[in-house]
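Below are the chains, spelled out letter by letter.
Number of protein chains: 2
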Amino acid sequence: MQAASLDRTFHALSDPTRRAMVQRLARGPASVSELARPLSISLPAVMQHLQVLEASGIVKSEKVGRVRTCSVEPKVLSQAERWIADRRDQWERKLDRLGEYLEATASGNDNEEDEGNAK
Amino acid sequence: MQAASLDRTFHALSDPTRRAMVQRLARGPASVSELARPLSISLPAVMQHLQVLEASGIVKSEKVGRVRTCSVEPKVLSQAERWIADRRDQWERKLDRLGEYLEATASGNDNEEDEGNAK
Numbered sequence: 006m007q008a009a010s011l012d013r014t015f016h017a018l019s020d021p022t023r024r025a026m027v028q029r030l031a032r033g034p035a036s037v038s039e040l041a042r043p044l045s046i047s048l049p050a051v052m053q054h055l056q057v058l059e060a061s062g063i064v065k066s067e068k069v070g071r072v073r074t075c076s077v078e079p080k081v082l083s084q085a086e087r088w089i090a091d092r093r094d095q096w097e098r099k100l101d102r103l104g105e106y107l108e109a110t111a112s113g114n115d116n117e118e119d120e121g122n123a124k
Numbered sequence: 006m007q008a009a010s011l012d013r014t015f016h017a018l019s020d021p022t023r024r025a026m027v028q029r030l031a032r033g034p035a036s037v038s039e040l041a042r043p044l045s046i047s048l049p050a051v052m053q054h055l056q057v058l059e060a061s062g063i064v065k066s067e068k069v070g071r072v073r074t075c076s077v078e079p080k081v082l083s084q085a086e087r088w089i090a091d092r093r094d095q096w097e098r099k100l101d102r103l104g105e106y107l108e109a110t111a112s113g114n115d116n117e118e119d120e121g122n123a124k
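Protein chains in written order, with this note's numbering: chain A, 6 to 124; chain B, 6 to 124.
Same shape as in the complex, but just chain A:
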């Protein structure tokens, strides 16, 4: 995934109003006025947030007649999720290797002690 695309995706998700819009759209497509209803902000403000979400690719919208219907594009969300998961996996594998190393070192010490005790 392009860095610029991740920039836009994470930026889009860094605002609570935009996350509320994504949360609503995860339940299914909605018109702009349906999206605006539970949010206590003006329609132009909703449109601005929608533009940020569309620029990131998280949301797409289509205008039919006078109604613009918005929906979630799960692929972009998956890519952001994957970026985080890959870093977390890498870190956890690192910790596992450290654990194995410490275990190997500890059992090495145990053997030495056993040898010391044996006579």
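Be aware that one or more of the hints could be misleading.
One copy or any two copies: either way a pair holds, since identical chains are not told apart in the list.
What the hints assert, rightly or not - Calculated lysine-lysine pairs in the DSBU-like style (CA-CA distance at most 30 Å, straight line):
hint : residue 1 : residue 2
1    : 80        : 68
2    : 68        : 99
3    : 65        : 99
4    : 99        : 80
Simulated from the structure, these hints should not be mistaken for laboratory data.
For this one, chain A is given, so just place chain B on it according to the hints.
Showing chain B alone in chain A's frame:
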């Protein structure tokens, strides 16, 4: 997870330099100068990015003597990952239900056609 915490986490991840720092730290702890080395930016700029990462909780650092060592805090990454995954799951379950509904409707139509054809 608090909304303000998700704001800070996604904001921290929306910058390519900060993501490069997280990517480096996912391989294991590093000093600030180790973090700065592959990045073509000044040390003060690295320190500023580090502050944003620490404010989000993604990275923690500890100063021993003159060396500040940074490491990843995987819990905060997991929380951001979970937020995205939950939205994506919700959307996919919605699609599954829609699929089942369409299938049920289609097989309903098939039955009607069968009845029409049978004689």
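* If the cutoff is 30 Å on CA atoms, where do residue 65 and residue 99 land: within, between, both or neither? Let me know, please. => Only across copies: residue 65 and residue 99 sit 17 Å apart there, 38 Å inside one copy, limit 30 Å.
* To do: Could you figure out if residue 68 and residue 99 sit no more than 30 Å apart (CA to CA) within one copy, between two copies, both or neither?
  => Between copies only: 22 Å across, 49 Å inside.
* To do: Measure nothing new, just compare the shortest in-copy and cross-copy C-alpha distances for residue 80 and residue 68 to 30 Å and report within, between, both or neither.
  => within (22 Å within a copy, 41 Å between copies)
* When no copy is named, should residue 99 and residue 80 be tagged within, between, both, or neither for a Cα gap of at most 30 Å? -> both (28 Å within a copy, 15 Å between copies)
Checked against the numbered hints given earlier, the structure satisfies every one of them.
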